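Put together the whole structure using the sequences plus the hints.
Listed here are the chains, written in short residue letters.
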Amino acid sequence: MADLSTNIAGLQMKNPVMTASGTFGYGVEFADFVNLEDIGGIIVKGTTLNPREGNDYPRMVETASGMLNCVGLQNKGVDYFCKNIYPQIKDIKTNMIVNVSGSCPEDYAECAARINDLDSIPAIELNISCPNVRQGGMAFGVTTDGAASVVRAVREAYKKTLIVKLSPNVTSITDIALAVQDAGADAVSLINTLMGMVIDIEKRKPILSIATGGMSGPAVKPVAVRCVWQVAKAVNIPVVGLGGIMNAHDAIEFLLAGASAIEIGTANFVDPAITLKVANGISEWLDNHGCKSVKEIIGQLEA
Amino acid sequence: MADLSTNIAGLQMKNPVMTASGTFGYGVEFADFVNLEDIGGIIVKGTTLNPREGNDYPRMVETASGMLNCVGLQNKGVDYFCKNIYPQIKDIKTNMIVNVSGSCPEDYAECAARINDLDSIPAIELNISCPNVRQGGMAFGVTTDGAASVVRAVREAYKKTLIVKLSPNVTSITDIALAVQDAGADAVSLINTLMGMVIDIEKRKPILSIATGGMSGPAVKPVAVRCVWQVAKAVNIPVVGLGGIMNAHDAIEFLLAGASAIEIGTANFVDPAITLKVANGISEWLDNHGCKSVKEIIGQLEA
Amino acid sequence: MKKFVKDLTVAEVEFPHSRYVLLKLTDSEPLPEMLPGQFVEVKVEGSPKTFLRRPISINYVDKEKNQLWLLIQTVGEGTHKLAELKAGDKLNLVFPLGNGFSPMQKAGEKVLLVGGGVGVAPLLNYGKELKEAGAQPVFLLGARSKADLLEQELFKSIAPVYVTTEDGSEGEKGFVTQHSLLESETFDRISVCGPKPMMVSVARYAKSKGIPCEVSLENMMACGLGACLCCVENTVRGNVCVCKEGPVFPIEELTWEL
Amino acid sequence: MKKFVKDLTVAEVEFPHSRYVLLKLTDSEPLPEMLPGQFVEVKVEGSPKTFLRRPISINYVDKEKNQLWLLIQTVGEGTHKLAELKAGDKLNLVFPLGNGFSPMQKAGEKVLLVGGGVGVAPLLNYGKELKEAGAQPVFLLGARSKADLLEQELFKSIAPVYVTTEDGSEGEKGFVTQHSLLESETFDRISVCGPKPMMVSVARYAKSKGIPCEVSLENMMACGLGACLCCVENTVRGNVCVCKEGPVFPIEELTWEL
Numbered sequence: 001m002a003d004l005s006t007n008i009a010g011l012q013m014k015n016p017v018m019t020a021s022g023t024f025g026y027g028v029e030f031a032d033f034v035n036l037e038d039i040g041g042i043i044v045k046g047t048t049l050n051p052r053e054g055n056d057y058p059r060m061v062e063t064a065s066g067m068l069n070c071v072g073l074q075n076k077g078v079d080y081f082c083k084n085i086y087p088q089i090k091d092i093k094t095n096m097i098v099n100v101s102g103s104c105p106e107d108y109a110e111c112a113a114r115i116n117d118l119d120s121i122p123a124i125e126l127n128i129s130c131p132n133v134r135q136g137g138m139a140f141g142v143t144t145d146g147a148a149s150v151v152r153a154v155r156e157a158y159k160k161t162l163i164v165k166l167s168p169n170v171t172s173i174t175d176i177a178l179a180v181q182d183a184g185a186d187a188v189s190l191i192n193t194l195m196g197m198v199i200d201i202e203k204r205k206p207i208l209s210i211a212t213g214g215m216s217g218p219a220v221k222p223v224a225v226r227c228v229w230q231v232a233k234a235v236n237i238p239v240v241g242l243g244g245i246m247n248a249h250d251a252i253e254f255l256l257a258g259a260s261a262i263e264i265g266t267a268n269f270v271d272p273a274i275t276l277k278v279a280n281g282i283s284e285w286l287d288n289h290g291c292k293s294v295k296e297i298i299g300q301l302e303a
Numbered sequence: 001m002a003d004l005s006t007n008i009a010g011l012q013m014k015n016p017v018m019t020a021s022g023t024f025g026y027g028v029e030f031a032d033f034v035n036l037e038d039i040g041g042i043i044v045k046g047t048t049l050n051p052r053e054g055n056d057y058p059r060m061v062e063t064a065s066g067m068l069n070c071v072g073l074q075n076k077g078v079d080y081f082c083k084n085i086y087p088q089i090k091d092i093k094t095n096m097i098v099n100v101s102g103s104c105p106e107d108y109a110e111c112a113a114r115i116n117d118l119d120s121i122p123a124i125e126l127n128i129s130c131p132n133v134r135q136g137g138m139a140f141g142v143t144t145d146g147a148a149s150v151v152r153a154v155r156e157a158y159k160k161t162l163i164v165k166l167s168p169n170v171t172s173i174t175d176i177a178l179a180v181q182d183a184g185a186d187a188v189s190l191i192n193t194l195m196g197m198v199i200d201i202e203k204r205k206p207i208l209s210i211a212t213g214g215m216s217g218p219a220v221k222p223v224a225v226r227c228v229w230q231v232a233k234a235v236n237i238p239v240v241g242l243g244g245i246m247n248a249h250d251a252i253e254f255l256l257a258g259a260s261a262i263e264i265g266t267a268n269f270v271d272p273a274i275t276l277k278v279a280n281g282i283s284e285w286l287d288n289h290g291c292k293s294v295k296e297i298i299g300q301l302e303a
Numbered sequence: 001m002k003k004f005v006k007d008l009t010v011a012e013v014e015f016p017h018s019r020y021v022l023l024k025l026t027d028s029e030p031l032p033e034m035l036p037g038q039f040v041e042v043k044v045e046g047s048p049k050t051f052l053r054r055p056i057s058i059n060y061v062d063k064e065k066n067q068l069w070l071l072i073q074t075v076g077e078g079t080h081k082l083a084e085l086k087a088g089d090k091l092n093l094v095f096p097l098g099n100g101f102s103p104m105q106k107a108g109e110k111v112l113l114v115g116g117g118v119g120v121a122p123l124l125n126y127g128k129e130l131k132e133a134g135a136q137p138v139f140l141l142g143a144r145s146k147a148d149l150l151e152q153e154l155f156k157s158i159a160p161v162y163v164t165t166e167d168g169s170e171g172e173k174g175f176v177t178q179h180s181l182l183e184s185e186t187f188d189r190i191s192v193c194g195p196k197p198m199m200v201s202v203a204r205y206a207k208s209k210g211i212p213c214e215v216s217l218e219n220m221m222a223c224g225l226g227a228c229l230c231c232v233e234n235t236v237r238g239n240v241c242v243c244k245e246g247p248v249f250p251i252e253e254l255t256w257e258l
Numbered sequence: 001m002k003k004f005v006k007d008l009t010v011a012e013v014e015f016p017h018s019r020y021v022l023l024k025l026t027d028s029e030p031l032p033e034m035l036p037g038q039f040v041e042v043k044v045e046g047s048p049k050t051f052l053r054r055p056i057s058i059n060y061v062d063k064e065k066n067q068l069w070l071l072i073q074t075v076g077e078g079t080h081k082l083a084e085l086k087a088g089d090k091l092n093l094v095f096p097l098g099n100g101f102s103p104m105q106k107a108g109e110k111v112l113l114v115g116g117g118v119g120v121a122p123l124l125n126y127g128k129e130l131k132e133a134g135a136q137p138v139f140l141l142g143a144r145s146k147a148d149l150l151e152q153e154l155f156k157s158i159a160p161v162y163v164t165t166e167d168g169s170e171g172e173k174g175f176v177t178q179h180s181l182l183e184s185e186t187f188d189r190i191s192v193c194g195p196k197p198m199m200v201s202v203a204r205y206a207k208s209k210g211i212p213c214e215v216s217l218e219n220m221m222a223c224g225l226g227a228c229l230c231c232v233e234n235t236v237r238g239n240v241c242v243c244k245e246g247p248v249f250p251i252e253e254l255t256w257e258l
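Residue numbers (my numbering), protein chains in the order written: chain A, 1 to 303; chain B, 1 to 303; chain C, 1 to 258; chain D, 1 to 258.
Nothing false has been slipped in among the hints.
Straight line, CA to CA, 30 Å or less: simulated DSSO-like cross-link-like pairs of lysine-lysine:
#	chain 1	residue 1	chain 2	residue 2
1	A	Lys277	C	Lys86
2	C	Lys90	D	Lys43
3	B	Lys292	A	Lys205
4	B	Lys90	B	Lys159
5	C	Lys128	C	Lys86
6	A	Lys203	C	Lys81
7	A	Lys277	C	Lys43
8	D	Lys81	A	Lys277
9	C	Lys6	D	Lys49
10	D	Lys196	D	Lys43
11	C	Lys196	A	Lys203
12	C	Lys90	A	Lys277
13	A	Lys203	B	Lys292
14	D	Lys86	B	Lys277
15	C	Lys2	C	Lys106
16	B	Lys205	D	Lys43
17	C	Lys3	C	Lys65
18	D	Lys63	D	Lys244
19	D	Lys49	B	Lys203
20	D	Lys49	C	Lys81
21	C	Lys6	D	Lys81
22	D	Lys2	B	Lys83
23	D	Lys63	D	Lys128
24	A	Lys205	C	Lys81
25	D	Lys244	B	Lys90
26	C	Lys43	D	Lys90
27	C	Lys196	C	Lys24
28	C	Lys244	C	Lys63
29	D	Lys2	D	Lys24
30	C	Lys81	C	Lys6
31	A	Lys93	C	Lys2
32	D	Lys24	C	Lys81
33	A	Lys295	B	Lys203
34	C	Lys81	D	Lys90
Since the hints were made in silico from the structure, they are not lab data.
Bear in mind the structure is a predicted one, so any value in this text is a computation, not a measurement.
Okay, structure coming up:
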């Protein structure tokens, strides 16, 4: 049995499989299907300083080999999380990571500061690239200055592992990655969703309530693998890869491209037990290829 | 029977269906399957000032609901085109449009100038965003200055309809669109392919010879529709929409989003007779919806 | 209530209507407990256009035969693929999902179950459960025409069935809210499943009469588990997941204009 | 030569081997002229992982029965879907594509047809055409073992068949280039279709003996019409489309190291 353990800037993981924010709830929603403690890391729903109702319905539309969503960061706010959610998840023996979002650096920092006080949350993933909120969100993630400003503010307030999630809706994702690295990020995760739109031709209106949404699923996987490869070559902090991973084969593509860990997102909707199937599939593949550790393939792409 | 005729900056088209460069050869390759003169416009292979061998094999890999290619502008050069290809296509009674590419503004301009002399070529499509050539290509298309510089140079040398093809691999495609509009473009076409990568995990190498390639097909359609909608709102020149169109329904999405015409690309590989099926499908839909002209739906999205 | 993801086996396939297929699924082990009004998420194989699972309400649970019935309207490529399934084929389900209809409130209560279109599906199971529990269910079913009425014999075997058809080819002509039954009889509560306009008009009737009423919503869903927050309905508590806190809601919780 | 896109009808389905399916297609009207060595592009339905058409060489053309045979190795989801086709099903083809093998150069010429794996498929049709034209084809077929030899009776009905198997379970043990036939007999020319290493070694043999040799390539393709320039092979003329200028090339046109 190959050693699946990996490490993201000091964050020890029993295997490289994590769940993408917004696709796995708080983990507990999937407890009937998988043993949560067998997952390398669980990144829970996007959390903001203040409660958000999110966007109106419809928030989702299926696309060719994928889907668009425009949930818009619906959540009850960080204080509700600390008081009501944290107690339910704090004893789950794996890396419980909170995805943090906001509309200005101060909000991001304050939200992060309150999560910093939670002993059982070893890391946060900073969402500086949510494509589905009008003000803020996206704006920060698509410029080097904007991205750096948020990361600097949060770095001040947050002492544990800081992962920054990057948007692919940019001219150069490596420039953004380098900017957040310089601003103090411990790791980057990519890709967030690709901005898209689907039209109801009978109603002559967009299907989604805010017209556009973020595309995810197998359709975006080639873009995600390309971004991970480009960023992993450019930065010297760990990269977490995600985007359309449906099986172990897909996950291994990301690992070879340079990801130290991967996140499974949309696939959780198709198979609620997919996380462990992917972890086991990676293990089998490593065994069949004579690899003693997953570390033997991370970034080992010849290109 | 609804009136399908449309108009791109003075270029009269019998219907809004065109073929995307690099997916329909010079048209003649498809003469056994469709009556070429029934197509609104045929955009032939990318042509450069000097001959190009293109990239090594493999140049193509299938992806979820799409494909990547890295052909790399293989062509025999503009003089060969004028001498040997033009005579074969000049009498085809539809808009025969040449896609022009290059690696510096001067080359673009010189190539365009020679095509300007060909009576039966009423327009060119400027490819300032080829993701598959190392030097040049992409570089121009992803900055407003780079895009404007090429378009200005070509505008000087080219007097007929100038369509500029835009890349989606940018932070703001509307900024690029506005820049090429200001530089003298008569119309814009979008989207070019999304940059992606697929890895052969057994060989631990990218499948494509230059590692990355351009993604096309239904997988990218939501991104394309979004871009067309954003750009059509921002510019006051006509927009030609393309990206994953497989049927009349898809085409109508682009028309509603603001495209005055559409291009069919990858779908030609799946069904060599698709162009006319889409044109007929649009006509039927218009009839069934009481529209007398395709112009009644162009840009009529409520959003 | 524990949820499962597993392959069930197609035991029987019936076509009660040109646009519907009835799949009777079974399993080697006893099927888990399922509440009336709950739904399943099925994985459709061999359909390039179908990436996500499809939510389908539970039509009936035959405990003797250990069967779970799904009455499916064949609208798109995905549901047409489901209609191609043959006895012996496997179908992967995530189930049971959602809250389901309210259990019997008091013995002997008269409950009006109103359904339209494919919305009648979950009412069959609900009516049976209410009947067995000791309540008095009454079915009021609406359809375009006689030919569009589904599972009539089964409904009649459980409780009285009243029908409206838009063309008058069966029962009373018109919409369910126009049926004379609503004037001639009174009910302790009403449960509705069908097209939104129908549910709204029934909800208005119930509100005007002060009769407790619950409706079963069919918002588009992705996960079905309350994780993705895509299928939300706006309620007095804000946006909530139809897949988890629904699909059944008391009308006073919704923000519909009644 | 005119190309067509049309639905053909599956007349017969055979499974000559656990990893192969033989589809015999027919049409209501006479099939168009097809040259040996040409191929078709088939559209695979119901396979989410298969977006593009699949190029498949023409195995045999039965003019009496108006049948076109496709011998398909079931490797991925797409080809497995093709193996599920039943008699009466439709299959959409773009065909005939490519240049095909060289026609007979002179009456009575001895032509060695070397095939390995699924590469034997087009040689059956080619051998038959050469024979009918008045040439003397000879088959040299290689496989892993006896069980992996395909359509042996058909090949034998056309011309002498020599075999090598890697395990020696049939014919001579080893690879085709090791067969004693190559020492004992001489040929006017050689045509090869199979795995690239096999084609390279046969090409080297032919070059060393000064025997004209052509090989049939299987580069990955998209359009099959010479439009997308994806399937190019580097030649003395530069990069050319295998789908249009090939799939058959004289070895001296290729840039292989021989």
